[in-house]
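Protein chains: 8
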Amino acid sequence: RRTGVPEAVLCASKSGTQIQAILIAAASAGRRLLFTRLEPAAVEALAPECRALLDYDPISRTAWCGGPPPAGTVRDGVGIVAAGTSDLPVASEAARTLEFLGFSAPVIADVGVAGLWRLMRRLEEIRGFRVVIAVAGMEGALFSVLAGLVDAPVIAVPASVGYGVSAGGTAALHSALASCAPGLLTVNIDNGFGAAAAAVKMMGKIKD
Amino acid sequence: RRTGVPEAVLCASKSGTQIQAILIAAASAGRRLLFTRLEPAAVEALAPECRALLDYDPISRTAWCGGPPPAGTVRDGVGIVAAGTSDLPVASEAARTLEFLGFSAPVIADVGVAGLWRLMRRLEEIRGFRVVIAVAGMEGALFSVLAGLVDAPVIAVPASVGYGVSAGGTAALHSALASCAPGLLTVNIDNGFGAAAAAVKMMGKIKD
Amino acid sequence: RRTGVPEAVLCASKSGTQIQAILIAAASAGRRLLFTRLEPAAVEALAPECRALLDYDPISRTAWCGGPPPAGTVRDGVGIVAAGTSDLPVASEAARTLEFLGFSAPVIADVGVAGLWRLMRRLEEIRGFRVVIAVAGMEGALFSVLAGLVDAPVIAVPASVGYGVSAGGTAALHSALASCAPGLLTVNIDNGFGAAAAAVKMMGKIKD
Amino acid sequence: RRTGVPEAVLCASKSGTQIQAILIAAASAGRRLLFTRLEPAAVEALAPECRALLDYDPISRTAWCGGPPPAGTVRDGVGIVAAGTSDLPVASEAARTLEFLGFSAPVIADVGVAGLWRLMRRLEEIRGFRVVIAVAGMEGALFSVLAGLVDAPVIAVPASVGYGVSAGGTAALHSALASCAPGLLTVNIDNGFGAAAAAVKMMGKIKD
Amino acid sequence: RRTGVPEAVLCASKSGTQIQAILIAAASAGRRLLFTRLEPAAVEALAPECRALLDYDPISRTAWCGGPPPAGTVRDGVGIVAAGTSDLPVASEAARTLEFLGFSAPVIADVGVAGLWRLMRRLEEIRGFRVVIAVAGMEGALFSVLAGLVDAPVIAVPASVGYGVSAGGTAALHSALASCAPGLLTVNIDNGFGAAAAAVKMMGKIKD
Amino acid sequence: RRTGVPEAVLCASKSGTQIQAILIAAASAGRRLLFTRLEPAAVEALAPECRALLDYDPISRTAWCGGPPPAGTVRDGVGIVAAGTSDLPVASEAARTLEFLGFSAPVIADVGVAGLWRLMRRLEEIRGFRVVIAVAGMEGALFSVLAGLVDAPVIAVPASVGYGVSAGGTAALHSALASCAPGLLTVNIDNGFGAAAAAVKMMGKIKD
Amino acid sequence: RRTGVPEAVLCASKSGTQIQAILIAAASAGRRLLFTRLEPAAVEALAPECRALLDYDPISRTAWCGGPPPAGTVRDGVGIVAAGTSDLPVASEAARTLEFLGFSAPVIADVGVAGLWRLMRRLEEIRGFRVVIAVAGMEGALFSVLAGLVDAPVIAVPASVGYGVSAGGTAALHSALASCAPGLLTVNIDNGFGAAAAAVKMMGKIKD
Amino acid sequence: RRTGVPEAVLCASKSGTQIQAILIAAASAGRRLLFTRLEPAAVEALAPECRALLDYDPISRTAWCGGPPPAGTVRDGVGIVAAGTSDLPVASEAARTLEFLGFSAPVIADVGVAGLWRLMRRLEEIRGFRVVIAVAGMEGALFSVLAGLVDAPVIAVPASVGYGVSAGGTAALHSALASCAPGLLTVNIDNGFGAAAAAVKMMGKIKD
Ligand SMILES: Nc1ncnc2c1ncn2[C@@H]1O[C@H](COP(=O)(O)O)[C@@H](O)[C@H]1O
Ligand SMILES: Nc1ncnc2c1ncn2[C@@H]1O[C@H](COP(=O)(O)O)[C@@H](O)[C@H]1O
Ligand SMILES: Nc1ncnc2c1ncn2[C@@H]1O[C@H](COP(=O)(O)O)[C@@H](O)[C@H]1O
Ligand SMILES: Nc1ncnc2c1ncn2[C@@H]1O[C@H](COP(=O)(O)O)[C@@H](O)[C@H]1O
Ligand SMILES: [Mg+2]
Ligand SMILES: [Mg+2]
Ligand SMILES: [Mg+2]
Ligand SMILES: [Mg+2]
Ligand SMILES: [Mg+2]
Ligand SMILES: [Mg+2]
Ligand SMILES: [Mg+2]
Ligand SMILES: [Mg+2]
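Chains as they are written, first to last, in my numbering: chain A, 8 to 215; chain B, 8 to 215; chain C, 8 to 215; chain D, 8 to 215; chain E, 8 to 215; chain F, 8 to 215; chain G, 8 to 215; chain H, 8 to 215.
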């Protein structure tokens, strides 16, 4: 935890046996531990007494063992903005990671720039955050527009939503990286976890 | 000319000898002819009497022989919107092609979305066009924002402006193609000529 | 609807729960709404009373709620040309979107350029359209040939039909963008919806 | 300046005429303005009285007009770490941008991970920064190692240093994005300016 | 020569010293030898007595030593079709290689498919060849149209003519490979030499 | 059939309904017709009386209706060489296409160049063919070695066999295109059909 | 076996029938033979008497027939280092191949560089090997760090572990190839077999 | 030097000032130091007294200061095989690096596989090496053929020789990585230095 944020267990290419062993080791040691990319089917495959150790959320496909953060320590200051309904799984991965790490972060959804007024209606609220996480797929035009409107640092999370040239999320990733709005930051496609970890590192330097 | 727009001479990979021969043939036949991607150095290399046949513009790197369109036939209805100063050569290729084909098209520049208010200030003017050509490099976020604000068809021309992931214009091209604004149309990177030709085809179907 | 065409609901990366909620909201508000990329299995998964609200077509994978366009308002002028039978789902997405938006558009299929005479036989009919949507996969040679033969604007829809270098539709997309026929326009791979939306924007500027 | 950082003038694809016009406009208005990617040859090409308006640095290829930040306002807290000597132009672009924006940021160079002890020797110093900017080309392994050792947010700037698969900087960019160190942030290849702008946005939320 | 065609000397990445040494060795041994991708500047740099050994053509950038094929042995049967003037250097590389190998092959130029009638006018002539070499850049639509019209084998040579997505010739290459015309064959981008060598291998199996 | 080879029906992206309709139309008209990429499951899904019309081979996934070529007309002269057992489906697609078009072509398998002696043992046999089709995946080194050893034209069919950088067949395709053996020809990845069609076009020019 | 290592049977694109035939041929001839990429389902599909001939390991998906290497011949000297648990299937493919070829190689797992101390704790042990095989996915930063710390040759095996830009393993592959640590060697993504074969070739030149 | 091989100075993206400073520091300290990618023009630009410190070779573009390895310590055992004359600069970078590190390595050139007998003639000599470095561009078929014929470890160095799909060396790199010859190892494109460093690491484990 020397870096302010702990590593999490990325379950996508782990076998059920591996996941269960890691969970039992953490639970035995009384360690809190976050699991990401944990598919519902993988949860089903766990032994029932293992499953009972987990707080699981199927939309974000995240789980943790060891309970919530200590009461009274939860902070705010981070906000999550998502372009469309399709981006909610990625936005939720960020929100759940933040929750696990002691932050309560609202998700403002469906503010894609094809209908600019939807974003404008929520702008005051967004301007209140100290760190903004933005999730968008397709062409990711939301990133530049948003970063041009707020003075907080904006972390772009390109989502693998789309087809043709935007299949896999590369078009949105490149929009984030090539943005003409100064100071936009990027993480890997679909990496809601990484965006949340970075936001927590920033908040660690900001005293309330 | 069965398609409403004539072919032009793309000079980029032609030798000086080839360009001169094509020009002489057209001039001898009294044919009007448009040359694109004609570098200043290539114009310098022409025989002086050939150079004298051309109306050349170094910013757009376009030239034509055979004089302007017949007086009294020039139409308007097409507008060109450019995100930044770096996009002006491409925007000018469109404007000059339109001029050659009988259309007078204003260029509205420096309205990139990193500063949204700059676009908003010009919006009423832009909404007056029947066909809009939009030129942008970097991440091309302008395309989606614009197409979400006007009811005219919008033709995106991605510009090869930028570096890193936007070098060569692919990031802007993919933004245009993946746009979540319904009905955005695209041509090849830097293809101001093609966008103008398409606009003329559309205007050919629209009676004043 | 400020842009002349409404947004549609792209169902590909939405959960059943999300789709159903959007449908119920639209139906309750008496709003007409188009759904694209709606797989038969997703329709099956809807509650029966929701399914009953939809006019669904499994070939194009489109649906709408709120009934057909008002009687007596349907226009023509747009035509759809498809290279092969494999391109019909994409061509149908365009046709159904046009139908939803108040246009009746015939589909002329199986006119790929490997057998040029098939295209030539239908040329007069195609020349009658004011806007042409062309759908082709593989190498997309149809786009250039067609755009060189008609004076209406042509919108190319590259289809993700093919294998090897044409798997995913990129070869056809690049053919459309690099076409030496002046004025060809392109939308994203498989984006029949976007081509139809663009055609409607053009037709909005053309009075009958 | 609503976003906490002003836009700068990216000179790479602007003509001498354009750059000069922008400079004169800013100087006349008494506005401070930053120019990036300004090649020595482009500076030479300016009129002498224009050149005299600029504080130019050839290593970073940056210049500004309007003088230094107001005395007594310069803050620290941001540090720049560069893997090798080849990364210094990019690191300097970040340092100069920070200087223009009122931050004094030391550059710690030649700490690439092929010789890990070089990095370890400077670790305490690096751990003192509130925001770390890391510049590396080739495979960019420095990013992950560094982000695993410090608790400040780390902004990776991939440099277009290398050849073969690392030519152009994509290998380093992908290393930054795919890093297994939680919370690493990325900007475009060679984008020292963008990293500095993001650091300033973060520092704007951190009171001394 | 066990394969029916000799290797040629690809000069593109050889130093002047290397080329001169190879030439002298061949001339001393009285061997006929073909040089490709030999730039005018490289010919200039040769010692005058070496230059005198070469039959050099600057358009195709080919040269040979050892004189023409034996009189009375020259065959015909191979034809070369080029889409535009820009494709002539590549078409000439094929023609000159064929000449060196004992075949006289006419070049039919400027028959790109954007103006289909230009191709149709020359069709009977093209149908007379036993092997057809087709050269085209941009989107390479010529390949499919041609292969659908003739019963001879067609060898596509994609040319690196174009910009944006067709820069470098990949779009034309993919059109050739993905062609829906059965039996189209392809060689590398700009490889006029290879197409000629393949044509000679075919002609070696066809007795007059 | 003006091109010497008929088009075939590529079933990969056609629905069962479409395939059945095409089959019935051909059978009713008494037309022989070849189907490629026809999966066993798709054959199973046909109505039994339709299935009965087909001569189906599950390894090559090809089928035809209308019976074998007329007795007494079958020619030889074409040979197929495959690097490994994994390449047999693609090799069989070529062999079956040739059979449908009236050619009997032996398949020489398991002669990949990692064990060069295996190829050498079969060399005399291979040298007897007038046209050679070579199928190889992984790195496709077989193509260059083979084309350097025989004087017949060699058609390379890259197979989508392999993983990592050779997944999808691009590495083998590029080996074929970049081969330093003069005169190697290429078709699309996995395109056994196209290679066979090209071989038939060549054989059409070669009288027995 | 002229190369010191025998070829193995890559089962990934072979049918059950093909695998069974190869196995029976080897067993009948009393030949030892290694099978890689043999999925559990493919083993299940074998006839029971065939299955009984195999020593199968589902984690590495490897099998062999013909029994273990002769007793008393097993050597050590090769070590395998894996960044995370997700890399164990690839690491095991290497370990099992080494076992088949007569080498006993320990696997040191979970030493990724995001937590550098984990690697440092095992460094003495790793420094004892004469050849090191390193397996890592994501960004593959482990390769450079490791190769900068040991004097044995290091063979990098990039693993197809990750998502977004690291999906498929290309990011890790490029890190290995572009490494700034002198003398790092690479094999294809997921190619544990190839790394082991190379290690055996090296050990063949090193006498105990 | 803890890794058995020292880092070298990659001059490609360093300024003349930087190179000179590094050289003077090494010379003052009496340290031997290798410089790679040092263009003749960069050597010319050095101060004469600096130039005098260097043993420079323009073909390999390498230089060193500090004199040759101590007399009497030079070993052999490493051989370099190059496919063509164009590959000699890369082969020489490997040979010069080996010389600097105390190894005398012969270069066997012009043995590309398009003429297999050329390789076969030199095979016995090649089989005498304990480590083989192979350099090839174009399609890199030499790598697989060679690795299938010798029992020493083979290190492939793909060269950026070729055009079209082999421009930049990626086709040869992928051939090396995807090779079906077990145990082939790869370094980055043009990385003769890295191949030599790896060979030295191997030889460090092999006692004479
Ligand atoms: N969703 C995620 N995206 C990116 N990295 C993750 C994610 N979840 C976990 N990680 C990190 O990925 C690595 C996984 O390591 P391991 O679980 O050992 O394979 C650790 O560094 C985690 O902190
Ligand atoms: N700037 C341009 N961008 C795209 N296509 C062009 C441009 N200029 C000319 N063309 C077209 O490209 C083709 C050039 O053909 P050619 O001049 O014969 O090589 C013609 O079809 C032109 O209409
Ligand atoms: N088939 C389609 N192709 C492209 N865009 C679409 C399609 N269907 C809907 N859209 C647009 O994609 C966006 C989907 O947004 P949402 O439904 O909020 O995720 C909207 O802007 C739609 O208008
Ligand atoms: N896991 C593996 N990775 C890379 N190459 C392999 C692997 N397993 C087997 N091979 C090689 O791949 C080729 C497979 O040939 P075949 O079994 O004839 O298709 C042989 O050269 C094998 O030695
Ligand atoms: Mg979006
Ligand atoms: Mg822009
Ligand atoms: Mg098609
Ligand atoms: Mg570095
Ligand atoms: Mg062309
Ligand atoms: Mg193979
Ligand atoms: Mg890793
Ligand atoms: Mg080679």
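Derived from the structure by calculation, the hints contain no laboratory data. Even for Gly, the Cβ is constructed at its ideal location relative to N, Cα and C. Some hints here could point you the wrong way.
Chain B stretches covered by chain C per the calculated footprint, using a threshold of three residues with CB under 8 Å from any CB of chain C [what the hints assert, rightly or not]:
| id | segment |
| --- | --- |
| 1 | 12–25 |
| 2 | 110–117 |
| 3 | 152–159 |
Simulated pairs of lysine to aspartate or glutamate, DMTMM-like, Cα-Cα distance not exceeding 25 Å [as the list claims (entries may be wrong)]:
| id | chain 1 | residue 1 | chain 2 | residue 2 |
| --- | --- | --- | --- | --- |
| 4 | E | Lys-212 | E | Glu-56 |
| 5 | D | Lys-212 | A | Asp-83 |
| 6 | C | Lys-212 | C | Asp-83 |
| 7 | A | Lys-212 | D | Asp-64 |
Evaluated hints:
With a threshold of 8 Å between beta carbons, the proposed coverage of the segment 12–25 of chain B by chain C holds, since 4 of its residues qualify and at least three are required. Look at the segment 110–117 of chain B against chain C: 0 of its residues bring a Cβ nearer than 8 Å to a Cβ of that chain, fewer than three, so the hint is violated. Counting residues of the segment 152–159 of chain B whose beta-carbon sits less than 8 Å from any beta-carbon of chain C gives 6, enough to reach three: the coverage restraint holds. Between the alpha carbons of Lys-212 (chain E) and Glu-56 (chain E) the distance comes to roughly 39 Å, so the proposed pair goes past 25 Å and is violated.
A hinted pair counts as satisfied when its Cα atoms are at most 25 Å apart, and Lys-212 (chain D) with Asp-83 (chain A) qualifies at roughly 14 Å. At roughly 14 Å between alpha-carbon atoms, Lys-212 (chain C) and Asp-83 (chain C) fall within 25 Å of each other, so this suggested pair holds. A C-alpha spacing of about 32 Å is found between Lys-212 (chain A) and Asp-64 (chain D), which places the hinted pair above 25 Å, so the restraint is violated.
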